[in-house]
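**Student:** Below are the chains, spelled out letter by letter.
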Amino acid sequence: MIYFFQQALNAAQLGSVYALIALGYTMVYGVLSMINFAHGDFFMVGAFLCFVGVVVLQLSFIPVLLLAMAGVTMLGVATERVAYRPLRNAPKASAIITSLGVGIFLEHFTLGLSPYPKYIPPVLPSFSFNAGGVSVSTFQLATISISFILMLALYLVVNKTRVGLAMRAISADRGIVPLMGVPVDKIIALTFALGSGLGGAAGVMYAMAYPVIDPYIGIIIGWKAFISAVIGGIGNIRGAVLGAYILGTVEIMTAAFLPSTYRDLVAFSLLLILLIFRPHGLLGRAESQKV
Amino acid sequence: MKTKNISIALMGFFILAGCGKLKNDTVRIGVIAEITGAIPAVGASCKNGAQMAAKEINDAGGIMVDGVIKKIELFIEDSASKPEQAATVAQKLITYSGVIAIVGPNSSSNALPAAEIAEKAGMVLMTPWSTDPKTTIDAKTGQPKKFVFRACFTDTFEGKVLGSFARKELKANKVAILYDVASDVLKIQAEIFRESFEENGGKIVAFETYTKGDKDFSAQFTKIKSAKPDLIFLPSYYTDVPLQVQQARRLGIKVPFLGSDAWSSEDLVRMCGADCEGSYLLNHYSPGTTNPVTQKFIAQYRAQFGGATPDDVAALSYDALKVLAQAIALAGKLDRSVVRDALSKVPAYPGVTGVIKYSPGSGDPVKGAVILRIKNGGFSWFADAQP
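Read top to bottom, the protein sequences are chains A and B.
With my numbering applied, the first sequence covers 1 to 291.
With my numbering applied, the second sequence covers 1001 to 1387.
These aren't lab readings, by the way, just hints derived from the structure by calculation.
It is possible that some hints are incorrect.
A partial selection of chain A residues facing chain B, derived with a Cβ cut-off under 8 Å [stated by the list, open to error]: (1) L111; (2) Y119; (3) S128; (4) D173; (5) V177; (6) V266.
Remember, it's a predicted structure, so these values are computed and weren't measured experimentally.
For each residue, glycine too, the CB sits at the ideal point set by N, CA and C.
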């Protein structure tokens, strides 16, 4: 039983990281019906800004977190302005290909600065304590609790503010909303800002918990977060969080109770089966193609 | 019109560039290193080691071929740690740069495709660091490849030595293994270790895997913790090891780790900090040895590269180029297959990483290994291991 709780804690930590990134995918999809494949690399840039904050500027934890969130927010808004907005009325595939291009650009830009993997020394006190046989580390607690705080903040913004209302309106019908006087460009830029900011925060949480980073870390984590968003129903915010914890749990529990080689096999078989029965994800709504 | 101009310009470029091929006043040796990509420290060391050996030979005059003394000219290419790029640059070195032999690539995933191309072209390829048995063996016939050599020992040897070392020297009874299932090399090390450790009467209590790119190993280590091993064998690349060992320590695992040659980079100790203290690893050479050849190499390397202590890749690349130069001198002419035959005739070469000698018909040298221990933030010599 202790073994199970230990693994459940591991799953909560992994799920929290996936959730923060999955939110970025799902929010952009919600307002633009576009998948921003560069989002995994936004997360990577957040992890590298964490390195810059900790090693170069020697900041403490909260300033590092704010630095990375601000940096990645600006990156997200700038990318939207420069790369995605000119393509808003182009075919969907163009914007998706562009986002792949932006991702590869970011990876190789970072690689060009320095090809070596970076090690980030801990800025939080690093120790684990024993809670009824389960060993809990400060990093696990920080990752899980900060993810929760950020997700709660996002929930409040989307559901309790006028900006959030505008976002939900655009998500429901982008054609009619400008007629109501909603500044669509501003709201879309703001959506990118929020999604990227969370990605930046995820980069920091990740770099604290797994302190060796390289320019390619965004690829696999990005995929997994994207898949989390799909499991939950892409475009749905609660769905992304749900999907992320499900994926984290399935990955950890498969490795925990079956040979670890089967981990991805089982996790992705479940995904395929789920999509056969619920093509729009767990909380997604069915949408008919508009002509 | 525009495309026509561009194509004329391109043609001109290729013709001009092609002119370089006519010059033949140097001994051209290709180097393929993983300068960018997943293991840049390996690429940098390989480049440094090869450059240092070439400079030493050139400073001493050069190599006598066709009755004339010629200098060595290195053609260094980056494989970016990608198998397909390793194959491309091998082809480029063979057909375009016109080299007589190639040193590199280092990682086995890169060395295998490059070796296939060199073998087909009938050109000597000497990998400094690829320990995968398949690198020098022809997959179709099961016979050794004719033109592929290595400066290091093989994974089979490594797994065997580590298995018996864990049982006999470290007196381990129960060992857990965690390895990267996507890497041939690490997989072989893990499997041969298991065989060897069990043959010696030990018990493997957990045999867990992960995949390239994974950063979270908490599930595997929680499982390993509940199996209560007294040693964990972790054949992993040096960039993964710090994450793995730190996660294990945070889960409350206190037993020592045993690593393979994939651990051997100074970066590992720097990144892992106190968590790796007391762990063991197997390596190709130890900077702490009293061997005068090795000590001279280390001193010169430090002088040339800003005080850095050379790692095993630097030492092996240096040895590879030195042995190759001896074979070229022995061959006396720039003929690819004569150089190949000359390699097995080179008398036992006292290298930085031990004595290297090839027997006819095999690209694997007969040589020993060392076991190191991580102590006070550095690698220190622990024991010698002979085949």
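**Student:** Evaluate each hint against the coordinates.
**Tutor:** Hint check results:
1. L111: At 6 Å from the nearest chain B Cβ, L111/A passes the 8 Å test, so the hint holds.
2. Y119: The hint holds - Y119/A has a Cβ within 8 Å of chain B, the shortest such distance being about 4 Å.
3. S128: Holds. Min distance 5 Å.
4. D173: The hint is violated - D173/A has no Cβ within 8 Å of chain B, the shortest such distance being about 40 Å.
5. V177: 40 Å, violated
6. V266: For V266/A, the interface hint is violated, since the closest Cβ of chain B sits about 12 Å away, which is over 8 Å.
Checked against the numbered hints above, the structure violates hints 4, 5 and 6; every other hint is satisfied.
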